[in-house]
Amino acid sequence: MRRPRLPQLRGLRTRLVLAFTLVAAVTAASTGALTFREARTGVLQQSQDAVIQQLRSQVGRLAPDLGYPPDRDELRRFAADVARAEPSGSWRVLATYGRLSATSVPGDRFAELSPALRASVRSHLATVFQRVAVGDHTALVVGMSVTFAEAPAEGVYASGIQVFLTVPQTTERAYVDALVTAVERAAVPALTLAVLLALLAARGVLRPVRALRRATRSIAEGHLDTRLAVEGSDELADLSHTFNETAAALEQSVAELRGMEARARRFAADVSHELRTPLAAMSAVTDVLDEDAAGLDPDTATAVRLISEETVKLARLVDDLMEISRFDAGVAVPHLDEIDLAESLRRTLDARAWTGLVDHDLPPPGALRGRVDPRRLDVVVANLVGNALRHGARPVGLRLYDGGAPGGTRLAVIEVTDTGPGIPEDVLPHVFERFYKSDAARTRTEGSGLGLAITAENVRLHGGTVQAANRPEGGAVFTVRLPLPADESPREER
Amino acid sequence: MPRVLLIEDDRAVREGVALALRRRGHEVAAVATGEDGLERVRSFRPDVVVLDLMLPGLPGLDVCRRVRALDQTLPIVMATARGDDEDIVVGLEAGADDYVVKPVQARVLEARIRAVLRRVSGAPAEGGIPRIDTYGELTVDRAGLSVARAGEPVPLAPSELRLLLTLSASPGQVFSRQQLLEAVWEHSYHGDARLVDACVRRLRAKLGEPPREPRWIRTVRGFGYRFTAR
Numbered sequence: 001m002r003r004p005r006l007p008q009l010r011g012l013r014t015r016l017v018l019a020f021t022l023v024a025a026v027t028a029a030s031t032g033a034l035t036f037r038e039a040r041t042g043v044l045q046q047s048q049d050a051v052i053q054q055l056r057s058q059v060g061r062l063a064p065d066l067g068y069p070p071d072r073d074e075l076r077r078f079a080a081d082v083a084r085a086e087p088s089g090s091w092r093v094l095a096t097y098g099r100l101s102a103t104s105v106p107g108d109r110f111a112e113l114s115p116a117l118r119a120s121v122r123s124h125l126a127t128v129f130q131r132v133a134v135g136d137h138t139a140l141v142v143g144m145s146v147t148f149a150e151a152p153a154e155g156v157y158a159s160g161i162q163v164f165l166t167v168p169q170t171t172e173r174a175y176v177d178a179l180v181t182a183v184e185r186a187a188v189p190a191l192t193l194a195v196l197l198a199l200l201a202a203r204g205v206l207r208p209v210r211a212l213r214r215a216t217r218s219i220a221e222g223h224l225d226t227r228l229a230v231e232g233s234d235e236l237a238d239l240s241h242t243f244n245e246t247a248a249a250l251e252q253s254v255a256e257l258r259g260m261e262a263r264a265r266r267f268a269a270d271v272s273h274e275l276r277t278p279l280a281a282m283s284a285v286t287d288v289l290d291e292d293a294a295g296l297d298p299d300t301a302t303a304v305r306l307i308s309e310e311t312v313k314l315a316r317l318v319d320d321l322m323e324i325s326r327f328d329a330g331v332a333v334p335h336l337d338e339i340d341l342a343e344s345l346r347r348t349l350d351a352r353a354w355t356g357l358v359d360h361d362l363p364p365p366g367a368l369r370g371r372v373d374p375r376r377l378d379v380v381v382a383n384l385v386g387n388a389l390r391h392g393a394r395p396v397g398l399r400l401y402d403g404g405a406p407g408g409t410r411l412a413v414i415e416v417t418d419t420g421p422g423i424p425e426d427v428l429p430h431v432f433e434r435f436y437k438s439d440a441a442r443t444r445t446e447g448s449g450l451g452l453a454i455t456a457e458n459v460r461l462h463g464g465t466v467q468a469a470n471r472p473e474g475g476a477v478f479t480v481r482l483p484l485p486a487d488e489s490p491r492e493e494r
Numbered sequence: 001m002p003r004v005l006l007i008e009d010d011r012a013v014r015e016g017v018a019l020a021l022r023r024r025g026h027e028v029a030a031v032a033t034g035e036d037g038l039e040r041v042r043s044f045r046p047d048v049v050v051l052d053l054m055l056p057g058l059p060g061l062d063v064c065r066r067v068r069a070l071d072q073t074l075p076i077v078m079a080t081a082r083g084d085d086e087d088i089v090v091g092l093e094a095g096a097d098d099y100v101v102k103p104v105q106a107r108v109l110e111a112r113i114r115a116v117l118r119r120v121s122g123a124p125a126e127g128g129i130p131r132i133d134t135y136g137e138l139t140v141d142r143a144g145l146s147v148a149r150a151g152e153p154v155p156l157a158p159s160e161l162r163l164l165l166t167l168s169a170s171p172g173q174v175f176s177r178q179q180l181l182e183a184v185w186e187h188s189y190h191g192d193a194r195l196v197d198a199c200v201r202r203l204r205a206k207l208g209e210p211p212r213e214p215r216w217i218r219t220v221r222g223f224g225y226r227f228t229a230r
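Listed in order, the protein sequences are those of chains A and B. According to the working numbering, the first sequence holds residues 1 to 494 in order. According to the working numbering, the second sequence holds residues 1 to 230 in order.
It is worth saying that the hints were derived from the structure and are not from the lab. The beta-carbon is built from N, C-alpha and C at its ideal position, and this holds for glycine as well. There may be inaccurate statements among the hints.
Pairwise CB distance ranges (calculated) [as the list claims (entries may be wrong)]:
| no. | chain 1 | residue 1 | chain 2 | residue 2 | range |
| --- | --- | --- | --- | --- | --- |
| 1 | A | Pro298 | B | Arg11 | 25 to 35 Å |
| 2 | A | His223 | B | Arg212 | 41 to 51 Å |
| 3 | A | Gly404 | B | Arg212 | 27 to 37 Å |
| 4 | B | Arg118 | A | Pro363 | 33 to 43 Å |
| 5 | B | Arg22 | A | Ala353 | 27 to 37 Å |
For the chain A half of the interface with chain B, some residues (derived, Cβ under 10 Å), not all of them [what the hints assert, rightly or not]:
| no. | residue |
| --- | --- |
| 6 | Val331 |
| 7 | Val333 |
| 8 | Arg346 |
Make a model of the complete structure from these sequences and hints.
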């Protein structure tokens, strides 16, 4: 599984907060933009209408006093008078008549006035306006023709006098600034609210998700009776419900499997138990058979010896089966005694007349003592050494040393090595399995097929580990590691 | 010729074991129930009892206790199944001297019987040690194989007697359970140390040792047992 590079950003909570913030920001921005556009249009319309209205009435009031045809001075006075209609003095007025033109502010070049507007006013006689951007500010330019009040019957009579007005649109700018400020001010609480809502939503989603995660982990740890409390009826509740159903199904099938396994194991235990009584009778008389076989005719003698030998093997097999059944049933208990481990190993070799066959490297007496079950340790060592002698090649080595870290818990390490061909790689993981036969040709050996399985169980009973491996220099090595609890005042008497 | 009383409910096992023991020179009485066994203890006067713990009717453990009540010194060898741990412990507490795990070969059972009988007939090898030792109130007669406390004879089963003789032969020396298993029971080094512990408990009880502070047989934790002369 690949680890996310930025786990912080991948979290549901972070993503929810980001999404909510984004939505809030977009909403605030678009609402602000739309409002701003509508408001600006409205404001402009209104201010335009007001300006045009004001200009028209001003011109209408002042035009009758204007001499006709006007001279330059009259035009200048007219323009100034019109401009005076706006008390703040922001109006700049241009009046033209033919080639004559005059402005309200002397020397004003009226740069905002475009030739197109000028032409439009001349040709249409209507009031024309245009918004012009000059530098970083905008201005409204209005143009109109002065007409005679008493028009001839044919229609309006143009006087040839035209009036142009330029108004800087500073109010609008202020209004826009105010709008932007308002949007900004509204956005901050909106975003805060969005974050809070996101956290709240995340909590609502994350709580069941966390519960689900905990429950899944609990199941993975083997607590198959884990169930979730289902609240509400949303998708997460559905998920919890599905989880519970799955867990229940899993629990049931595992229980069934365990039941089957337990029955199979009990069957094995029962079979061994039932075999024991007839075997006890047969075992009692094998010696009689062995002793008398010599006096029988050869065929009978062979048959009798076969029965005797196989009875002994069968008895050992049943004994091993009983032993392993006890591990399966969990009733195997170690009978611990503090002993000298090197002495124990030496005695194991002695008891089986293996001392001359095995190169042993054991610590001196008293160097490595530990609380173990002596019988089980004997079984472990005898099985491993016996296995090495049977399947590996001599010399077989037995080594014992303290493999614990200095100052820490002591660790008795028992190594059994042989110099045979080693164990095939595909067999290695299975050597401690019951009745596992690595070689089809070697279908039956002296062992019961349970020796290494019993070895592994005995080591486990001591809280230790056993491993099988191949040595780089050839041959197999079995390594047993037994933790040895710290000494408890060995000389205390009671 | 040792006299063996075999109490075993299964006919085949009973006949097989009896046959094998007879061929090895034992005089065998074989019975199927605990009740018959107790009766034969009185009439047959066996040297050793081989007792199956799984008996119909009167359970083997009760038979063991009753035999002990009849005769404090009669050796008892239990025959049990591997793993009947509870029974083994209780049987040893009830006074059994040794046990074998079924199925057992005749020569193994016979070796156990002989070992248990040797405990009665001879003390461990010793040289120059006085025949009668006195440790405070305790008197051990090594030649007569008897023990007395404050003048009163203490009847001991063979393994108890041999354990006491072995320990007291070297006062102060610590014996590991494995050493005692080999010396007293003639078991292997890897035998069942519970035999030793159970026997020590029985011996202490018979000697009237205070449970908290035993006077003669001390436990050396992590090592084993030792005998103190005072």
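Non-conforming hints, listed in increasing numerical order: No hint contradicted; all consistent.
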